[in-house]
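2 protein chains.
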Amino acid sequence: MRAVDIIIKKRDKGQLTAQEIEFFVRGFTNGDIPDYQASSFAMAVLLNGMTPFETTDLTLAMARSGQVLDLSKVVDIAVDKHSSGGVGDKTSISVMPMVAACGLPVGKMSGRGLGFSGGTLDKLESIPGYRVDLTTDEFKKQLKEKGIVLTGQSLDLAPADGKMYALRDVTGTVPSMPLIASSIMCKKIAGGANAIVLDVKVGLGAFMQTLEEGRELAELMVDIGRLAGRKTSALLSDMNQPLGAAVGNALEMVEAIETLHGGGPADFREHCLHLAAHVLFLGQRAKDLTEARALAEKSIADGSALKTLRMLVEAQGGDPAYVDDVSKFERAKYIEVVKAPRSGFISQVHARIVGEAAVALGAGRAKKGDPIDHAVGFIIHKKVGDRVEKDEPLFEIHANDQTKLAEARNEVLSAHQFSDKSVPPLPLFYE
Amino acid sequence: MRAVDIIIKKRDKGQLTAQEIEFFVRGFTNGDIPDYQASSFAMAVLLNGMTPFETTDLTLAMARSGQVLDLSKVVDIAVDKHSSGGVGDKTSISVMPMVAACGLPVGKMSGRGLGFSGGTLDKLESIPGYRVDLTTDEFKKQLKEKGIVLTGQSLDLAPADGKMYALRDVTGTVPSMPLIASSIMCKKIAGGANAIVLDVKVGLGAFMQTLEEGRELAELMVDIGRLAGRKTSALLSDMNQPLGAAVGNALEMVEAIETLHGGGPADFREHCLHLAAHVLFLGQRAKDLTEARALAEKSIADGSALKTLRMLVEAQGGDPAYVDDVSKFERAKYIEVVKAPRSGFISQVHARIVGEAAVALGAGRAKKGDPIDHAVGFIIHKKVGDRVEKDEPLFEIHANDQTKLAEARNEVLSAHQFSDKSVPPLPLFYE
Numbered sequence: 001m002r003a004v005d006i007i008i009k010k011r012d013k014g015q016l017t018a019q020e021i022e023f024f025v026r027g028f029t030n031g032d033i034p035d036y037q038a039s040s041f042a043m044a045v046l047l048n049g050m051t052p053f054e055t056t057d058l059t060l061a062m063a064r065s066g067q068v069l070d071l072s073k074v075v076d077i078a079v080d081k082h083s084s085g086g087v088g089d090k091t092s093i094s095v096m097p098m099v100a101a102c103g104l105p106v107g108k109m110s111g112r113g114l115g116f117s118g119g120t121l122d123k124l125e126s127i128p129g130y131r132v133d134l135t136t137d138e139f140k141k142q143l144k145e146k147g148i149v150l151t152g153q154s155l156d157l158a159p160a161d162g163k164m165y166a167l168r169d170v171t172g173t174v175p176s177m178p179l180i181a182s183s184i185m186c187k188k189i190a191g192g193a194n195a196i197v198l199d200v201k202v203g204l205g206a207f208m209q210t211l212e213e214g215r216e217l218a219e220l221m222v223d224i225g226r227l228a229g230r231k232t233s234a235l236l237s238d239m240n241q242p243l244g245a246a247v248g249n250a251l252e253m254v255e256a257i258e259t260l261h262g263g264g265p266a267d268f269r270e271h272c273l274h275l276a277a278h279v280l281f282l283g284q285r286a287k288d289l290t291e292a293r294a295l296a297e298k299s300i301a302d303g304s305a306l307k308t309l310r311m312l313v314e315a316q317g318g319d320p321a322y323v324d325d326v327s328k329f330e331r332a333k334y335i336e337v338v339k340a341p342r343s344g345f346i347s348q349v350h351a352r353i354v355g356e357a358a359v360a361l362g363a364g365r366a367k368k369g370d371p372i373d374h375a376v377g378f379i380i381h382k383k384v385g386d387r388v389e390k391d392e393p394l395f396e397i398h399a400n401d402q403t404k405l406a407e408a409r410n411e412v413l414s415a416h417q418f419s420d421k422s423v424p425p426l427p428l429f430y431e
Numbered sequence: 001m002r003a004v005d006i007i008i009k010k011r012d013k014g015q016l017t018a019q020e021i022e023f024f025v026r027g028f029t030n031g032d033i034p035d036y037q038a039s040s041f042a043m044a045v046l047l048n049g050m051t052p053f054e055t056t057d058l059t060l061a062m063a064r065s066g067q068v069l070d071l072s073k074v075v076d077i078a079v080d081k082h083s084s085g086g087v088g089d090k091t092s093i094s095v096m097p098m099v100a101a102c103g104l105p106v107g108k109m110s111g112r113g114l115g116f117s118g119g120t121l122d123k124l125e126s127i128p129g130y131r132v133d134l135t136t137d138e139f140k141k142q143l144k145e146k147g148i149v150l151t152g153q154s155l156d157l158a159p160a161d162g163k164m165y166a167l168r169d170v171t172g173t174v175p176s177m178p179l180i181a182s183s184i185m186c187k188k189i190a191g192g193a194n195a196i197v198l199d200v201k202v203g204l205g206a207f208m209q210t211l212e213e214g215r216e217l218a219e220l221m222v223d224i225g226r227l228a229g230r231k232t233s234a235l236l237s238d239m240n241q242p243l244g245a246a247v248g249n250a251l252e253m254v255e256a257i258e259t260l261h262g263g264g265p266a267d268f269r270e271h272c273l274h275l276a277a278h279v280l281f282l283g284q285r286a287k288d289l290t291e292a293r294a295l296a297e298k299s300i301a302d303g304s305a306l307k308t309l310r311m312l313v314e315a316q317g318g319d320p321a322y323v324d325d326v327s328k329f330e331r332a333k334y335i336e337v338v339k340a341p342r343s344g345f346i347s348q349v350h351a352r353i354v355g356e357a358a359v360a361l362g363a364g365r366a367k368k369g370d371p372i373d374h375a376v377g378f379i380i381h382k383k384v385g386d387r388v389e390k391d392e393p394l395f396e397i398h399a400n401d402q403t404k405l406a407e408a409r410n411e412v413l414s415a416h417q418f419s420d421k422s423v424p425p426l427p428l429f430y431e
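Here the protein sequences line up with chains A and B, keeping their order.
Each residue of the first sequence is one higher than the last, beginning at 1 in the working numbering.
Each residue of the second sequence is one higher than the last, beginning at 1 in the working numbering.
Read the hints as simulated data drawn from the structure, not as lab findings.
Heads up, some of the hints might be wrong.
Which copy is meant is left open, so a pair is good if it fits within one copy or across any two.
[As the list claims (entries may be wrong)] In silico DSS-like cross-links for lysine-lysine, where the CA-CA straight-line distance does not exceed 30 Å:
| # | residue 1 | residue 2 |
| --- | --- | --- |
| 1 | LYS9 | LYS368 |
| 2 | LYS146 | LYS339 |
| 3 | LYS367 | LYS13 |
| 4 | LYS367 | LYS9 |
Next up, chain A with everything else stripped away, as it sits in the complex (with noise of 0.2 Å):
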């Protein structure tokens, strides 16, 4: 098998064999195959594309290109939930720990933020102490004792695709729903998960901005955990304005907990819900999503779930303190409040330039390995659909820089569009 007879396959539109598939990553990863083979390659699959056999076989191919973690002895099904991405997402905070505490045992290895989205990690790194760096076996060990981890990527999970995506970042093949697909779904199964649940966000802040794209990546992740062997389950998700309030690290933390604690905003909590009733029910904790969704329910209300997240706390060295008291998150040394320049309605809180606005800041990086700032970020008032009155607190600016403050300032109120005409409020889910 030579790598130049693959590349032309697919070239002229031929589907690949499992076979070849796993010559060409296993070639990648080891270095026999060349970067400058495997972009062509990439350039190739995105401008002819793959059938979703194709996709799954890539996905395993590169899922196998490293250790893949192995749960079975240490919990009866392991359920990974992942979200692809977006502004003011802090909801693996506020669901782990609901589903945990139903007595679904859940460990997830989250990323950092990039760009203008944002990472659990930085999120959870707010809390001293806390630490995103365990092992295998401290994986394995919190898991099984504690039923809840949150955590890095300790491992080298699937190194073909940490490889693959710093080439096509490069050379033009990152938006290749095959491409995109697999690099999701192979960190997911090398990570030992056999129920996903994924929430593929759609819109102005997120990687997929229209429906159409947000669903056909949807249904062909499904098809590559169905064809793969692993119950998987995708929601469609609103990202055209932030989630919830709250953007940058500290005030998301305050805004999960707060969820927890049984208030938060409504919709941010109605997504919680929602999303930790799917994974229940994938993870065979309800019978249907109706009574999955009445123990999500309960597990706020009785406490237990903020119970679990001070335990999580806890055991990852955090301090749990600031679960029961978030005033002691770090504040930053400027707030100030933004008053509508006029009274409307809200047609659009356009969540990119919200995310681009909170890097500015300091809460995100632009480049891998970038400081970033903990407590500084948005406190956004109002959502698409409400009603304003000229003067009325618009948002809050958290800044530790003035220059910086003044320009956040214009960036999100021109974020904000406003209609003399009412406007519905936007789906929190599509489908």
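Fit chain B to the known structure of chain A by using the hints.
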């Protein structure tokens, strides 16, 4: 400007500007743009195409990636002739002396054979002493003084093309019309040509297998020539069967020389006269093709073409006695006449199979730098459409190894197909 944005533009079917193409070619040549970006770019070009304007910009950028020969002080019009390569194509060796004998100076840089297709330099080196490594100054001096040069590529002409070709070969990006056309034309332009006659081969023994592909390539190269301000014309000629009778370096030299003596196979002589007429007409040595054709015929009849070849060989250090007495050429140890296995009409002499059999005998090289055997090859006695009787001589094998001879016999026999019904001869030229 960033390389990745240029790749993305072509991936999304955009039309690149001259500045973008220049930036990419320059960066690739000097190493700023790595191979993995060039290969994904090449795949995007292959799958999404380029307009003739983009292809011309690419051609000129590659021509300018190294030194560009200026022949304006050497000759009034620098004519070049290019063949897309094939089996038994010794045309340059006969046509260039004919043209030069008619008063049109021709300085040509040729290549070596690769794969099943022979190379002019390898054929010329069958004459002991013949130098194919003239310096640029020697090239210009000989062109001015003798009016004819036939040498190798001494200058680093169009280095971007050499680098790109090596990359395309291993990344599945060879069969792209814009990339093939620009690769051919950039070397002609860098070689100083301002009038170019293209002989595009079509058929089983050519890179272009169908007439449609050949016509597309020819039209694109004529477009490039026109847009780049070069007078360019193209002929489409048949390469389903070998051209002439001889295949193999010394055997082809003998045939080319015999043709200038007034002999040679009818099809090869006609091919040369037709091509020479086009070169003379484009080089403004005749008012129309009829007059040009008459000049070419006269150059054979009056011996001036043969005299010019003798002068060329002598000027480049070869022994001119070979031109007068072809029995001086090295002969293979074993010469076997293979007889027709049956009577009938010849319906196919598969050029590629014959070419590959010649390589296997030692006449060509499987990879760059392999040594070659000048004496070996074939004389094909019958052409498509000819009637042959059982046991009549069908072809001759010239070999230096009996095992290889036996293999070649089987191969070249399999290249011949017979029909009971009469078969029309193949045309020499399609258009």
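Hint-by-hint comparison with the structure:
no. : hint            : in the structure
1   : LYS9 - LYS368   : between (35 Å within a copy, 26 Å between copies)
2   : LYS146 - LYS339 : neither (45 Å within a copy, 87 Å between copies)
3   : LYS367 - LYS13  : between (35 Å within a copy, 29 Å between copies)
4   : LYS367 - LYS9   : between (36 Å within a copy, 23 Å between copies)
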